[in-house]
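Visitor: Next come the chains, spelled out residue by residue.
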Amino acid sequence: MLSIKNLTASINGTPVLKGIDLQINAGEVHAIMGPNGSGKSTLGKVLAGHPSYEVTGGEVLFEGQNLFDLEPDARARAGIFMGFQHPIEVPGVSNASFLRLAYNKKAEADGRDELDPLEFDDFIHEKIKLVAMREEFLDRSLNEGFSGGEKKRNEILQMAVLEPKLAILDELDSGLDIDALRVLGDAVNRLQRADRALLIITHFPRILETIQPQFVHVLSGGRILKSAGKELALELEERGYDWVLEEAAAGGAR
Amino acid sequence: MSSTLNVVTSQEYKYGFVTDIEADSVAPGLSEDVIRFISAKKGEPDWLLEFRLKAYRHWLTMTEPEWAKVDYPRPDFQKIVYYSAPRAKAPKYASMDEVDPELKRTFEKLGVPINEQAALAGVAVDVVFDSVSVTTTYKEKLAGVGIIFCSFSEAVKEHPELIKKYLGSVVPAADNFYAALNSAVFTDGSFVFIPKGVACPMDLSTYFRINNKESGQFERTLIVAEEGASVSYLEGCTAPQFDTNQLHAAVVELVALDNASIKYSTVQNWYAGDKNGVGGIFNFVTKRGLCKGKASHISWTQVETGSAITWKYPSCILLGDDSVGEFYSVALTNHKQQADTGTKMVHIGRNTKSTIISKGISAGDSSNSYRGLVKVQPKAEGARNFSQCDSMLIGQTSSASTFPYIEVQNRSAKVEHEATTSKIGEEQLFYFQQRGIPAEEAISMIINGFCKDVFRELPMEFAVEATKLLSLKLEGSVG
Ligand SMILES: Nc1ncnc2c1ncn2[C@@H]1O[C@H](COP(=O)(O)OP(=O)(O)OP(=O)(O)O)[C@@H](O)[C@H]1O
Ligand SMILES: [Mg+2]
Chain A
1 MLSIKNLTAS INGTPVLKGI DLQINAGEVH AIMGPNGSGK STLGKVLAGH PSYEVTGGEV
61 LFEGQNLFDL EPDARARAGI FMGFQHPIEV PGVSNASFLR LAYNKKAEAD GRDELDPLEF
121 DDFIHEKIKL VAMREEFLDR SLNEGFSGGE KKRNEILQMA VLEPKLAILD ELDSGLDIDA
181 LRVLGDAVNR LQRADRALLI ITHFPRILET IQPQFVHVLS GGRILKSAGK ELALELEERG
241 YDWVLEEAAA GGAR
Chain B
1 MSSTLNVVTS QEYKYGFVTD IEADSVAPGL SEDVIRFISA KKGEPDWLLE FRLKAYRHWL
61 TMTEPEWAKV DYPRPDFQKI VYYSAPRAKA PKYASMDEVD PELKRTFEKL GVPINEQAAL
121 AGVAVDVVFD SVSVTTTYKE KLAGVGIIFC SFSEAVKEHP ELIKKYLGSV VPAADNFYAA
181 LNSAVFTDGS FVFIPKGVAC PMDLSTYFRI NNKESGQFER TLIVAEEGAS VSYLEGCTAP
241 QFDTNQLHAA VVELVALDNA SIKYSTVQNW YAGDKNGVGG IFNFVTKRGL CKGKASHISW
301 TQVETGSAIT WKYPSCILLG DDSVGEFYSV ALTNHKQQAD TGTKMVHIGR NTKSTIISKG
361 ISAGDSSNSY RGLVKVQPKA EGARNFSQCD SMLIGQTSSA STFPYIEVQN RSAKVEHEAT
421 TSKIGEEQLF YFQQRGIPAE EAISMIINGF CKDVFRELPM EFAVEATKLL SLKLEGSVG
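First to last, the sequence lines map onto chains A and B. Its first residue numbered 1, the first sequence is counted upward by one per residue in our numbering. Its first residue numbered 1, the second sequence is counted upward by one per residue in our numbering.
Just chain B, same shape as in the assembly:
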C-alpha cells in the first residue's frame, strides 16, 4: 500500500491527558467486601446490596465469553480498582460553583458543556468522572415537566421505587459475564424517566470519562419512557492515554411503554491504544432496549471509533405489537484495534419491525466484525426486518467480517439481508488527488459518503462531531 494511505490513516489521540486530582479509591481487587464498601459509600438500601451480591456470586460461576472475533489478554479482575471518585466535600456537587476547577478545566478541554450558561442550547448533561457523576445540568428545568434526569446514585436515593421496578428488568444480572460483573460493582451512571405523555423538550446527554489508571468503569444507565413519552439521549466518552488496558463494562437498559419512543445515540471515543496496540480501553458493554408497549420505538445509533477492543451489541426486544427497533452503526477501527459489534433484534410481538444499518471501516492492521442476530419468534406474525451491512477496507492489512444470524420461526415474517465490502484503494485516492483534492480530504469525503445513512440518524451537533471524529481518526499530515 502507498505510504500516503498509511500516513493519512494514523492520527494521535487528543483526549489522552490525565487530570491530576485527588481521588478516593479502594485498593485494587474484587470481593464481597469491596462490593459492600461501594454500596455503603453510596448509602444504598439493603435490597440493592443484595442485588449486587447475588450478581457477584453468579459471576463467580461464569467464564468470559470466547465466541467474539477478538483476541486480547484476559483482564486480571483482582488488579482493577472498582471505586474511584474525585475527592470532594460532598459526594455530589450541589452547584457548578463547587466543582473542582481542575475538573471543570478537564471538561472544558474535552468540549463538554457542564456550565449551563455556556452550554449548547437545548442539551442537558450528566457528567460521570471515573465512578461518580459530578454534575447534571438543567435538572430543575426538566423537573418542571416531570422528567427525572439525574445520576444513578441519586436516583437510588430519591426514586428507589422506580429503580427497584426497572433495574435488571431488561438485562438480568445473570445475562452474561460482563453484565453480571457490572451488576455487582456498578458505580454510577444516569437515570432518565420521562412520564406519560411528555416529549422531552431537550436532548439529554451523559459524558463518561475514565481518569484513574487502574480503575475500571462500570456505569449503569436506565432510561424509562412511559406511555406516549419520547426522548433523545446522547452518550459520549473519552479516556486518558495509558500503556495499560482499562476495563469498561457498562450496562444500559431502555424501557419503552405504549407508543413511547427512545432514541439513544453514542459517540464512543475511548482511548484505543497506540499504533502498536499498547494500552487502550477494553469496552465490553451490554446495551438492550425493551419495546414493552404497543407501537413503542427504540432506536440505537452508535459511532464507535475508540477502544482497543469493542464488544458491544445494542439490541431490541420487540415485545409490544407494532413496535419498532432500529440499529444504525458506524464502527471504525485502525492500527491494532479490534471490534466485534452488531445488534440483536428479537421479534416477539405481532407486526414488529426492525432495521439494521451497519457500516464497518477498517484501516491499519485492525479487525472489524459485524455480528447480528435477527430472531423472529413463533407469535411474531407479520414481523419484518431489513439489514444492510457494509464494510470498507482501507489499506491491505485490515480485515472485515460479517456474521449475520437469522432465526425465523414464523412463516409470515420477511427478513432481508444485504452486505457489501468495498475498498478505498489507491485508484480512488489518486482520482481525487488528480482533481486537486489532498489525500486526507479525499478519505474523509469517501468515508462520510459511506456513513451517510447512519450520520443522518444522529442529532445535528453529534453528526458534526462524528464527521470530525472519523476524519481525525483517519487523517494525519500527509508527508
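One chain only, chain A, in its complex shape:
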C-alpha cells in the first residue's frame, strides 16, 4: 500500500528525515517510536504534504502512485489520513459543517452520493457513538476550546467519518485519560480492516496493547534504526533508546 524509499526531507534548510525506508501493506499495523525531535511527526506531515517541509530525495508510492504528484487535499481524498499530535482550532466553523464538507469531498471523489445536512445528521449520530462523543461537540466550533483529550477524540471521529485506507495517528494517546484511551483504541481497531493500514506514532507501549502492531520501528535522528515485532515496544519501555542507538552505531561501524 505504502512504500517509502530513502526519503529525505528538510525544514527551513535543516535536514530532518535522513533516508527513511518503510513498507506498509494492507491489513498491517505499524508503530513508530523514538526520542523527542527524532522526526516522527515530520514523517507524518511529509506524507500528508505539509507545505513547510521540503522533500529533498527519495520516493513514496501510495497504491503504486507517486505521492508527491498529489496536492495535500488530493492525498487525503486518495485515502491518507493524519491524526494530528496538536489539532488546530478553527473559530467560527462548526464541527458538523466541517465534517460534512470533508465527507462530501471524499464521497464526490469516490463517486458516492453526497449527504445533505439531514442525511449527514443521521450518519454522524452513528459515528459519534463509536468514539463516545457528546452531541454538543458537533455544534461547537472546530476544536475551539476543546481539551487536549477532546481534540484527540475529534480526530478519531474524523477518521471514522472518512474511513481512510491509511491512517497515521500521531501521539493519539498523549493527553488521553485511561477510559478515553480504551474507547479510542477500540474505535481505531474497529475501523481497521484487511484492506486498510495503520501507522501509530507513540511514546508509550500502553496504546499498543489495544491497537496491536505487527511491526515496531525506532526512528532516531531522521533514520529508522531498528524494526522488530511488537515485543520491541516493551523492551524500549524497560531499557530506553540508548541501546538501540549504540547497536546501530556499532552496526554502522562494522
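Honestly, the hints are just simulated from the structure, not real lab data. Model, not experiment: these values are computed from the prediction. You may find that some hints are simply not true.
To be verified - Quick list of in silico lysine to aspartate or glutamate cross-link-like pairs, DMTMM-like style, CA-CA up to 20 angstroms:
(1) B:Lys-165 <-> B:Glu-66
(2) B:Lys-423 <-> A:Glu-89
(3) B:Lys-423 <-> A:Glu-144
(4) B:Lys-452 <-> A:Glu-144
(5) A:Lys-230 <-> A:Glu-28
(6) B:Lys-452 <-> A:Glu-89
On the provided structure of chain A, position chain B with the ligands as indicated by the hints.
Guide: Quick look at chain B with the ligands alone, frame taken from chain A:
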C-alpha cells in the same frame, strides 16, 4: 507564505466591463458654472441651487482629511467630470421599454433585476448609472400604500417640501470635505419616504454603477421613516475596470421618527484596482442616520469588498430616548487595497443602546483599519454600547489596525469593547486540506465562519450574494 495562499487570494474582478453608450457629459472641472449647469440640467428650484453653491463655497475653504490610515495620490478635482448621463429622449425613462437595450444588457450582466416581471420577488430597485437614475421598479405598487421610492432628481420635482425639510438635516453641507463636495455637485440617488405606521411590504434597493472613465459619482440618498414606519433598504455597487482612479463621494442620510426602524444594507463591490494597485475607486462616503424619535432604530450592515481606498463610517446619532443604533460590518481588503472604516455612535438620549460588530479581513499587501467612536453625552442616562472588533489576516504581508475611541460623559453609561486578531495560516489550511478539502473552499469556509455574526443581519438574498462575493474575492484556481 505558501504559494497556495497567494494564488487562492487573487481573483479577477468580473464586473470590469465598460458599456459603450452615448453620454451627455460636461467637460472635466469644477466651478460655480458647472454647478449651475448640473442644477439647470435637473431643472432644480433656486433654493437647491443656493444649497449647492453655499456648499461649494464652503468646500473651497476646506482641506482633505489626513487622519485616516490610507495613503493615496490626492484627486485632482479639476480633472473629474461632474455630470455624465446616458443620452436619452427623456431625462428619465417612463417605462422599461424605453431603456436603452445596451443599458438593459449591462444590468442583466450585473445580475440586477430591472425588469419587474423577471425581478426577484419582493425587491424594488432604483438603478443609478453614472449621474442619473435610469429606472425604478414597483413604484406604483409602493405608492398604493403611500410609500415614495424614486430617484432623488424626481423627488426634488415631485416632493420638494420633503427634500427641503430633510436634505442636509443629518449630514450638514459643511460636515466634512467630501460631504461638502457632494452637497455641491451631487447628481442623483434615491429618495425613500415611508409614511406614518407603514411597514414597507418589500425590500427597497438601489444599484449604483459608475461607467464613465472620467466621471465621479456623487450620489445622494435620503430615507425618511415616519412614526412607527419600517423599511429595509439595500445598496449594491460596481464599476468598470480602468487604470485610473474614479472618485465616489456619496452622502446618505437616514431619519427615523418615533418607533420607526430603518435597516440599511450595503454590498460594496466597486472596482478595487489591479493587484499592483493601479486603478480602482476612491470611495469616500458619508453615511449617517438620525434616530430622531423615541425608540427609533437604525441598523447599518455593510459588506465592503471593493474600492482601492475606502473611507467610510456609517454612524448613528441616538437622539431619541430608548433609540437603538447598530453597525455590522465586514470589510475585506486584498492586494494593495486600503480601507479605513468603522462607525460613530453618538448617545444623546436616555437609555440609548448601540451595538458594533466589525470584521476586518486583510489579504495580500492590503491594509484594513477599524476606526470607531462611541460617544456618550452628559444627558444620555443609562446608555449602553457593546463593540466587538475582530481582524483576520491572510498571509504575511497584510495588516490590520483597530482604533477605538471612547468618550463617556455620563457615569451611568456602560461601554464594552472587545477585540481579537487571528490569522488564517498555513496550519489551518493544511488541516482542512488533510481532510480532503481544497484550499479555496477551506478559506471560504473559515471566512464565512468569521463573518457569521454580520451575514446573519443581511437580507437573505444579500447574504447569499455576500458569501459568494467574499469567496470570489479570495479564491482563484489553485495551481
Ligand atoms: N519549523 C521548524 N524549523 C526548524 N526546525 C524544525 C521545525 N519544525 C520541526 N523542526 C525540527 O525537526 C525535528 C523533528 O521534529 P518532529 O516534530 O518531527 O519530532 P518528533 O519526533 O515528532 O518529536 P516529539 O516526540 O517530541 O513529538 C526537531 O528537531 C524539530 O525541532
Ligand atoms: Mg511529534
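Visitor: Compare the structure with each hint and give your call.
Guide: Consistency of the hints with the structure:
Between Lys-165 (chain B) and Glu-66 (chain B) the alpha-carbon distance is near 32 angstroms, which puts this suggested pair outside the 20 angstroms criterion. For the hint pairing Lys-423 (chain B) with Glu-89 (chain A), the CA-to-CA distance comes to about 11 angstroms; that is within 20 angstroms, so the pair holds. Proposed proximity of Lys-423 (chain B) and Glu-144 (chain A) is supported: the alpha carbons are some 14 angstroms apart, at most 20 angstroms. Restraint check for Lys-452 (chain B) and Glu-144 (chain A): satisfied, since their Cα atoms lie roughly 16 angstroms apart, inside the 20 angstroms limit.
Straight-line distance between C-alpha atoms of Lys-230 (chain A) and Glu-28 (chain A) comes to about 12 angstroms, which keeps the hinted pair within the 20 angstroms bound. For the proposed pair Lys-452 (chain B) and Glu-89 (chain A), the alpha carbon gap of about 17 angstroms is at most 20 angstroms, so the pair holds.
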